Structure formats: structure tokens, C-alpha cells
Amino acid sequence: EGHFPDPKNNNSLSVGPITRFGRDLGVLMQVIAGENAAKFDLLTPVETKDIKIFYALGFDGLNGVLHKSPETEMALSILTALKYLKSRGCEVERAPMTDFRNSLEISLGSLVLLEDFPYLINTSNKKNLNEFLTEMGKAILGKSEYTRDALYFESIRRFNATMSTENILKYKAEAEVLKTKFAELLGNNGVFFFPTFPVPAIHHNSSILFLSNVDYCMIFNILGFPTTHIPMGHDDNGLPVGFQVVAAPYKDKLCFQIAGELEAAYGGWVIPTPHQLEPLK
Numbered sequence: 518e519g520h521f522p523d524p525k526n527n528n529s530l531s532v533g534p535i536t537r538f539g540r541d542l543g544v545l546m547q548v549i550a551g552e553n554a555a556k557f558d559l560l561t562p563v564e565t566k567d568i569k570i571f572y573a574l575g576f577d578g579l580n581g582v583l584h585k586s587p588e589t590e591m592a593l594s595i596l597t598a599l600k601y602l603k604s605r606g607c608e609v610e611r612a613p614m615t616d617f618r619n620s621l622e623i624s625l626g627s628l629v630l631l632e633d634f635p636y637l638i639n640t641s642n643k644k645n646l647n648e649f650l651t652e653m654g655k656a657i658l659g660k661s662e663y664t665r666d667a668l669y670f671e672s673i674r675r676f677n678a679t680m681s682t683e684n685i686l687k688y689k690a691e692a693e694v695l696k697t698k699f700a701e702l703l704g705n706n707g708v709f710f711f712p713t714f715p716v717p718a719i720h721h722n723s724s725i726l727f728l729s730n731v732d733y734c735m736i737f738n739i740l741g742f743p744t745t746h747i748p749m750g751h752d753d754n755g756l757p758v759g760f761q762v763v764a765a766p767y768k769d770k771l772c773f774q775i776a777g778e779l780e781a782a783y784g785g786w787v788i789p790t791p792h793q794l795e796p797l798k
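Take the position in the sequence shown, starting the count at 1, then add 517; the result is the number in my numbering.
Just so you know, these hints were derived from the structure itself, not from any lab.
Fair warning: there could be bad hints in the mix.
Here are the simulated lysine-lysine pairs, DSS-like style, with alpha carbons at most 30 Å apart [as the list claims (entries may be wrong)]:
#: 1; residue 1: Lys603; residue 2: Lys696
#: 2; residue 1: Lys696; residue 2: Lys566
#: 3; residue 1: Lys696; residue 2: Lys556
#: 4; residue 1: Lys585; residue 2: Lys687
#: 5; residue 1: Lys698; residue 2: Lys603
Please read all numbers here as calculations on a predicted model, not as lab measurements.
Using the sequences plus the hints, can you model the full thing?
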């Protein structure tokens with residue numbers, strides 16, 4: 518209620534918690550979940566040492582070649598966390614990424630299949646491209662009433678992500694198989710460490726240049742797995758670095774436990790720019 522847009526399929530567009538301190542994630546999630554809170558079993562404690570950790574530093578094979586490799590600081594944030602958690606008794610294992618060979622196609626194809634998601638322009642006829650192309654031209658010149666990113670997103674949907682309907686449906690079926698396999702891998706006590714994005718941050722208005730990397734985090738949203746971003750300090754340029762921890766459906770509390778553990782060890786979120794305000798204690 519109150520979320521815009523309001524699609525029939527709300528699995529991809531939903532509310533999630535964001536907090537200053539990792540230890541507060543579970544509390545906020547309990548409130549957000551409302552009558553569904555029992556499904557998450559957030560009030561039952563879990564020991565960090567009982568969590569099995571799978572990890573990967575990027576995609577494998579040809580898919581890895583087609584994606585930008587994570588920058589050194591991003592990979593180091595994962596390795597640093599793994600070393601610490603291994604010392605805390607966690608079992609660590611590298612995960613194969615072979616089944617994610619079509620991660621980008623699955624991710625972009627899912628956008629095309631979104632139901633009841635309004636178009637910015639010509640909602641009555643998406644095939645009428647005149648006004649859309651005019652707005653794209655105006656956006657390039659900075660004259661459009663819409664942001665360029667919103668129009669890029671719209672173009673993916675209007676042009677079927679440059680895929681045939683047959684292929685989009687094929688990738689949808691592949692996603693269901695991948696979801697089952699990945700859930701079996703993680704089980705009831707497993708999590709997966711993976712870069713949230715290959716770079717710490719990007720310049721404003723340059724997101725289109727990184728379109729082929731959106732599936733680093735998007736693929737898990739499409740599959741229906743909860744993820745939590747873990748801040749791990751800054752790189753040499755003062756930009757925030759970190760990674761995501763993924764768990765099986767309804768196992769959000771495993772992500773929250775890892776977030777709290779690493780926050781206690783490495784300080785969690787750090788103010789990126791000095792200012793006159795005193796940090797919260």
C-alpha cells in the first residue's frame with residue numbers, strides 16, 4: 518500500500534529496510550513484514566559459526582569476460598570478510614557460477630515481463646515511438662522533463678531488451694531452474710558473498726555505460742533471494758566499498774547476522790566526507 522508503481526506482480530518491486538546500523542535491520546524488517554513476520558523467524562537467534570559461506574568474486578567463463586571485473590578493492594572487501602568469519606568458525610567454500618551464464622538476459626528479460634508497470638510516454642500504444650524518440654533526443658541535450666536513466670529503462674522495455682519474445686520466455690524458464698538449484702545450494706544455513714557492483718561508485722549520468730553489469734545485484738532480486746549490502750570502508754579515493762550477502766528465500770536473518778558481525782569487526786558504514794556534525798553513537 519502506498520508503493521508506486523503498484524504492479525500485480527510485486528515480487529520485483531517491494532519495500533526493504535535500510536538502516537544506519539546493521540544490528541537494526543532485523544528490527545525494521547520485523548515491522549515491515551507485519552503479518553508475514555512469522556515466515557522470517559527473525560526473533561530466533563542464529564550463531565555466526567553455524568552459517569556456511571559460499572562466495573565468488575565475479576561471473577565465470579564467457580559471462581565473466583562480458584562483464585566488467587570487480588575492482589581490486591571490491592574483491593578485497595569480500596576476501597577480508599571471509600578471512601575474519603573463517604576465524605570465527607564459519608565454513609567457507611567457493612561457489613561455481615556456471616549456472617549464471619545468462620544472468621544479464623534473465624535480468625533484462627524480467628523487466629520486459631513486468632505487469633501493470635506504466636510507461637512514461639504513450640502508455641496507450643508502446644509501439645508509437647515518435648514521442649519517445651523525441652524525448653530521448655531532448656534528454657541527450659538535457660532538455661527533457663524525464664531523466665535519462667528513466668528513458669534508458671523505458672527503452673529496454675519498449676525494445677524487448679533487444680531479445681525475441683521466445684528467448685525472453687526461455688530465460689524466464691531458465692530462471693526458475695536456477696532459483697531451485699541455488700536455493701538447494703544455500704539450504705537453511707548458507708549465504709553467498711558476491712560483489713554488489715564491480716566498482717565503488719560511478720559518475721553521475723554514466724549509468725548507461727554500466728548497463729551490462731546491473732545483474733551483479735539484479736539477478737538475485739529477480740530470483741527472489743534476499744540480499745543485504747555490507748559496507749566495508751572506503752577505497753583510496755574515499756569512495757565506499759562493500760559487497761552483498763545473499764540467502765535463501767525467507768532466510769533474511771542470516772544476512773542480518775553477517776551484517777552485524779562484520780559491522781562489529783570493521784565499523785560498518787563510515788561517513789564519506791568530513792563535516793561539522795557529530796556522528797551518531
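Each hint tested on the structure:
1. Lys603 to Lys696: holds, 27 Å
2. Lys696 to Lys566: It holds: about 26 Å lies between the C-alpha atoms, which stays within 30 Å.
3. Lys696 to Lys556: holds, 19 Å
4. Lys585 to Lys687: Within the cut-off at roughly 25 Å; holds.
5. Lys698 to Lys603: Roughly 25 Å between the alpha carbons, so the hint for lysine 698 and lysine 603 holds.
Comparing the model with each earlier hint shows no violations; every hint is respected.
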